[in-house]
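So the protein lines, in turn, are chains C and A.
Residues 37 to 427 (our numbering) are what the first sequence spells out, left to right.
Residues 9 to 443 (our numbering) are what the second sequence spells out, left to right.
Think of the hints as simulated: they come from the structure by calculation, not from any bench.
Every residue, glycine too, gets a C-beta built ideally from N, C-alpha and C.
Take every hint as true, because none was put in to throw you off.
Covered, in the sense of this in silico footprint (three residues per stretch, anywhere, with C-beta under 8 Å from a C-beta of chain C), are these stretches of chain A: (1) 98-104; (2) 150-162; (3) 378-391.
Each chain, written out:
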Amino acid sequence: MTEKTVSEIVARCEALYEDLNFTAAREWKEAEPGRKVIGYLPVYVPRELIHAAGMLPLGIMGGGDNLEVIHGDAYYQSYICRIPRSTIELGVSGRVDFVDGMLFPSICDVIRNLSGMWKMLFPDVYSKYFDVPQTYKDEIGGVFYTGEMRELLSDLEKMAGRKITDDDIRHSIKVYNENRRLVNELYTFRSEKPWQAPASEAYLVIRAGLVLPVEEHSKLLRQYIDAAMAEERPIKDNSKVVVTGMFCEQPPLNLIKSLELSGCYVVDDDFMLVSRWLIGDVPTDGDPVHNLSQAFLHHSMSTAAKYEPDEKEKGQFLVRTVKNTGAEGVIFAATSFCDPALLDRPMLQNILSDANIPYIAFKYAENSGQMQPIREQAGTFVDSIKLWSAA
Amino acid sequence: MRPSVVKAKPADALKDASMIKQKEMMANHYNRLTSSQENGEKVASTFVPGNLNELIMCFDLVNNLPEVNAIQSGLRKQSGAYIMEAERSGHSEDVCTYVKSDLGMMMKGNIGPNGKELPKPDVLLLSYTGCFTFLKWFELLREQYKCPTIFLQTPYMADGKVTPNMIQYMVKQLKEDVIPTLEEVSGVKFDIDRLREYLGKSAKAEDDLVYILQSGKNKPSPIDAYFGGIYYIGPIFGAFRGTDDAIDYYRFLREEVDQRMLKGLGPVTPDGPMGEEKYRLVVEGPPNYTSFRQFWKMFYEEGATVVASSYTKVGGTYDYGFRHDPDRPLETLAEYCLGVYTNRSLPMRIDMLTDYINEYEADGLLINSIKSCNSFSAGQLLIMREVEKRTGKPAAFIETDLVDPRYFSAANVKNRLESYFQMVEQKRSGKGVAA
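Extracted from the complex, chain C is given alone in its bound form (with noise of 0.2 Å):
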């Protein structure tokens, strides 16, 4: 097989993220019958089960800033974010009419209601709000997201017309757990060699991964960490920025492109979470169900969305990134009108202004065009870093 390069790779990645109607899921879905696709929001749903019941898991993470949104508009007020008025325009629209379920995982009350605004504007799909304990104890919100996970199975073996059975759950974890380490072997060679995989690459690269079957994007991932490892690039006077704040609605690839042009190494973010959620391997024996309940509650990220029981735990999830990574500072980057995102700001800036980590925020959405003003922020937080710690 020919190897591919850095650009080729990065540009069949490119045509997939700015692929609107899904052409590839299309196809897979078309190449044998009786496949069915199972779509899914921000943040975080076990896509192993959808995988162990031969389906493919397809993330929906809103329309972007090349889609005209134009009966979305007509179902939001201007005060709630983009991604749920562009993800109906996906649906009234027809791009999604292939996909047989979605999922909606528990983020925020918008996305919660857009899961009942689906179930009235498509009543023949399949349509789940997928909740999530945010209390942490095995015997209590361990019990219950396991109910919650055998309910979701439930369903799916009904539109599989098939049992979904432990080994096939236990495969489609150790497909999964191939993908995640690519995925943060890929995010561990970007922080410590950041001119070689830039973050607006890497972006498309894992973003590659919501519309593919997995082993296709392992395959694809491998393919172009050696691709980028290979390539000599010249290395540019930059900080090492973690960027946080987008865990739902993407930001447009011109803005991470933008931090980049201005002088920022972006060596971590929070974008498509769904991709590395759970940190490290999940158990591939005993009880595959269980075994993801316990990565969930012991073993994942942290977020927004996310409860954290422990006050001394707030926001160090973001403190050790920064200091894992080598990061120099924090763009903190919601989306306007994102209550997780905003209301958790404050408190996250509070503990890094504690810890001594330069900070700055601004707000974006998925359509979000005007650069100028980001570039200048971001350019300027960049030169005082510089300053401050030649300083």
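Chain A: place on chain C using the hints.
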């Protein structure tokens, strides 16, 4: 003929006897709160939806509700300054104004409606029911108060049903987290019979509350189930559910409503008895509190009475049959939390509003969409269309905010309401509804 209305000055707002009694109860409660330290009482802060007042009383704790404090600040026109204070300290202009009013009030000395400083809570009982913001709100308060925080998660009733998994999850949280921590904080041992006693009292008051709310089915309605309804729900959604005071209040209110029904009278407004009932409305969404009286006036001046509202169900959907059940004390608390209006799925909310329009023979649905409340607001435009389609009655949409005066545009709201009443007239006269 419409009775002549005596125009009263703002200070002379007329209230019926039950409203005066309710005000006294609330004032007494605030006095108890602000005297808690000298009286040796401990304080639990918690939220209205998912308010476990009966349980809190089992530990001799005094119930403090930050949402109600924000409402009081709104009614007293103090919330605007509090919100600005919170925004100056880094809180976004985009987020819930209850939260910012509460934080701003704290920054400015935490002075309650009785002019005295509200106590620091001894415990934050984070009943995460029907509103994501609650979760962050109490993380923010925990950062300030450094007191124990108890978390109780109420799963969302997304599929229109309560599953055994949901009940078991909640009961386990109550048994293994909530009750032991309340024992620890209060130093009082949990007595389930005491809880049963309070729950029995709750059910009695709930019977009368339902009778009162359903009196809106009469023509004319003896109550305004939105603006007047705010007064009616105060005690039972707040610190009085499970008390003799609540039983007495709702019995008293019921008698008052009965009297008005016997005489064929409408509700009492701040400007006196309501005149002719020209329009019967169902309202979805919370009210605006910073211009509460002005807002209400836009309705009663036009002869519009709200006969049913969803806001009066945020602290419990008793009219759908739920009663606290002393025989199943923990399960009943779980079911109570699960059933509150904002924990119900969008299709369930549509069903409720459609039922209200039909059962209360309303002329239509008015949605007051609140800028800073996504739990209510996200999806309301679909609700409006669907209810309109199902009932054939006109619906309208206005936008205000809970306690942020910057988002109450009186002229816009009045214009929209006047247009809406014209739509209702057109519909009645068979001319159809203008697009």
